[in-house]
Structures are given as structure tokens and as C-alpha cells.
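Sequences are here, hints too, so could you generate the full structure?
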Amino acid sequence: MVEPLRWQIGTITDIQPQTDRVSSFTIGLPDWRPHRPGQHYDVRLTAEDGYQTQRSYSIASAADHVPEVELGIERIADGEVSPYFHDVLVTGDKVELRGPIGGYFVWEPGMGGPLLLVGGGSGVVPLMAMLRSRQAAGDATPAALLYSSRTIGDIIYRDELARLAAEPNGPVVAQTLTREQPPDWDGYARRIDAQMLTEVVGNIGGMHASPLAYICGPTLLVENAAAALTDLGLAPMRVRTERFGPSS
Amino acid sequence: MKRTALDDPLMLDANAVAGELAEMMGGVDITTFMTRCAHCGNHDALGSLRAWAHGPGVVLRCVICSQVVVRWVRTPQGARVDLRGAAFLEPR
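Residue numbers (this note's numbering), protein chains in the order written: chain A, 48 to 295; chain B, 485 to 576.
Just so you know, these hints were derived from the structure itself, not from any lab.
Wrong hints could be hidden among the right ones.
Restraint-style ranges between C-beta atoms, simulated for each label pair [said to hold, decoys possible]:
(1) 186/A to 522/B: 33 to 41 Å
(2) 524/B to 285/A: 14 to 22 Å
(3) 199/A to 510/B: 40 to 48 Å
From a predicted model like this one, the values you see are computed outputs, not experimental measurements.
Even for Gly, the Cβ is constructed at its ideal location relative to N, Cα and C.
See below:
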């Protein structure tokens with residue numbers, strides 16, 4: 048029997064800015080548990096008057112990252128929780144969290160593929176945990192990441208993704224920049240669409256290979272990508288989604 | 485393609501409320517359990533359901549027929565989980 052999940056107090060051990068709006072927060076946990084790639088932690092803040100609010104943040108670290116967890120958190124300007132992380136918390140501070148949780152949006156070596164990852168903005172965070180875990184396990188499941196960002200400065204894990212892609216058996220990494228592209232940009236320059244998905248899936252055996260798809264990001268992106276994949280013939284049970292929902 | 489009842493910016497995936505659901509289920513993550521929709525018979529993981537979590541309670545709807553499968557509300561007297569929309573759950 049698995050020990051039930053409970054809230055615990057973690058300690059921030061490291062903060063690494065990834066972009067202007069996204070940072071990696073590494074948190075040490077007294078009751079650390081191995082997580083599965085794609086899972087998240089719930090974070091709870093309590094005000095002095097007792098008011099509580101909580102949000103879920105995806106784990107970016109590979110499953111073997113003991114006894115800490117790395118969360119990727121985007122600063123939402125009018126948010127209740129993320130500005131506290133970005134503007135207030137420093138290394139050594141305490142934060143209350145519960146996890147790892149969310150066993151449905153999970154991929155780990157052994158679940159098969161081909162693996163199709165589609166991310167928008169900080170939706171790449173749980174997908175990164177999948178790619179890092181795949182790499183750490185030496186897994187050769189064909190894998191592709193299609194990652195949509197606004198501008199080149201908004202790409203999270205840019206260098207690490209390039210390194211992963213260059214490894215033997217590394218994932219295919221396709222990027223699209225929807226708002227602004229540098230002059231030498233050789234990736235896509237529009238929102239994710241059926242044509243783009245078809246081309247990316249072509250690198251991992253095509254749609255008839257029935258890829259296992261994970262889509263994470265802003266609700267509209269997830270909705271469009273999921274609809275495009277099922278319209279292209281992928282069975283809905285092969286498509287797992289994680290929507291951000293309304294941002295606040 | 486128009487997705488009618490499921491076409492809602494407030495919609496989340498049940499995976500997102502796994503922690504709150506686990507809190508009422510003795511700390512066990514049941515979003516990995518398979519479930520059958522009592523309305524249309526769709527068979528998939530509970531985590532595949534769509535979630536509406538911005539009201540006083542939480543509602544999980546079938547991704548195929550959009551009918552309510554699971555809902556819960558928390559009161560000062562404790563939680564109430566209504567599973568009438570699930571024909572069954574398969575623990576795993």
C-alpha cells in the first residue's frame with residue numbers, strides 16, 4: 048500500500064531563471080518520493096488571516112533527482128501564487144506542497160510510443176521531465192517535441208533541448224515562434240496546425256504509427272492540437288492533455 | 485470544429501485536480517483508475533475526464549458525451565463525492 052499523500056514543508060534550494068517570465072525552482076523535501084515524468088505538485092499559500100490558495104506546478108526534473116524536485120513556474124502578472132514565487136521567495140525559504148500527483152498525464156520508458164510531445168509556453172515543463180527521463184534511461188522510443196513559443200527569448204530549456212536533440216537516439220525537436228522570429232530563424236513561424244503536426248509526426252513513423260501524444264499548454268493551443276490530431280486519425284485514447292485553464 | 489458543451493475556457497483536465505481528489509480518497513491518486521461513463525459507456529482513465537473546478541464544487545464530465553461522471557463538494561461538515569455518473573471504477 049502506498050503511503051497517502053500529505054502536505055509537507057519544502058525548502059527552496061536553488062532558483063534558476065530560464066526566461067524573463069519562467070524560472071526553475073528546486074525544492075528540497077523531507078518526505079521526497081520518486082515521481083513519474085509528467086506529474087505535478089500542488090503548492091499552497093496561507094495568508095496571515097488564514098486565507099489559502101493553491102496552484103499546481105509541473106515537475107521538470109527527471110525521476111532520479113533525489114531528494115529534490117525541480118518545478119518550472121511561469122510568472123503570471125495577476126496571479127495569486129506565481130508572483131510570490133518570483134518576487135518574494137529566495138533560497139532557504141519554506142513553501143508548502145503536496146505531491147507528486149497526477150498519474151494520468153505521465154509517460155515513462157516502457158509505456159511505448161512513438162512519443163509525440165506538443166507544448167506551448169511553460170507547457171513544455173512536464174514534457175521536459177519526460178525527455179529527461181527518457182534520456183536518463185537510455186530509452187530509444189522514437190520521440191518528437193513540437194514546442195510553440197512567442198519569441199526566441201521565451202524558449203525554456205533552449206540549450207538543453209538542442210543538446211538532447213543532438214544525442215544518439217535523441218528526440219526530434221521542432222520549434223515554432225508565433226510572434227516574432229530572428230532573421231536567421233529556421234523553425235516554424237506560425238501557430239501549431241495540422242500541417243505542422245503531420246510534418247513533425249513524419250519524423251517518428253507518421254500518423255499511421257499511432258503515436259502516444261501528450262499536449263500541454265494554454266487551453267486554446269491544447270484544444271486546437273488535440274482536435275487536429277484526432278481529425279488526422281489519431282484515436283482520442285492516444286491523446287492526453289493538460290490545459291493551463293484561465294490564467295490567474 | 486465546434487465542441488459545444490466542452491468548449492469552455494474554464495475547462496481543465498481531471499489530472500489537474502488529482503491532488504484535491506486524492507485528499508478525499510485517503511491520499512490515493514484515483515485519476516489513473518479506469519472508469520466507464522454511465523451515460524454513454526466511454527471507457528478511459530478517470531484522469532481523461534474534463535474538470536470544472538472554479539465553482540463551489542468540482543465537476544468532472546465525460547469527454548465524449550459531456551455528461552457528469554463525478555462531482556464533489558466540500559462543506560464544513562466534510563466532503564461529499566457523487567459517483568453516480570460512473571458505471572464503475574477499476575483500481576490500478
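Verification of the hints:
1. The beta-carbon spacing between residue 186/A and residue 522/B, approximately 38 Å, falls within the hinted interval of 33 to 41 Å.
2. For residue 524/B and residue 285/A, the hinted distance range of 14 to 22 Å is satisfied, since their beta carbons lie about 19 Å from each other.
3. Against the hinted window of 40 to 48 Å, the Cβ-Cβ separation of residue 199/A and residue 510/B comes to about 47 Å, which satisfies the hint.
The structure shown violates none of the earlier numbered hints.
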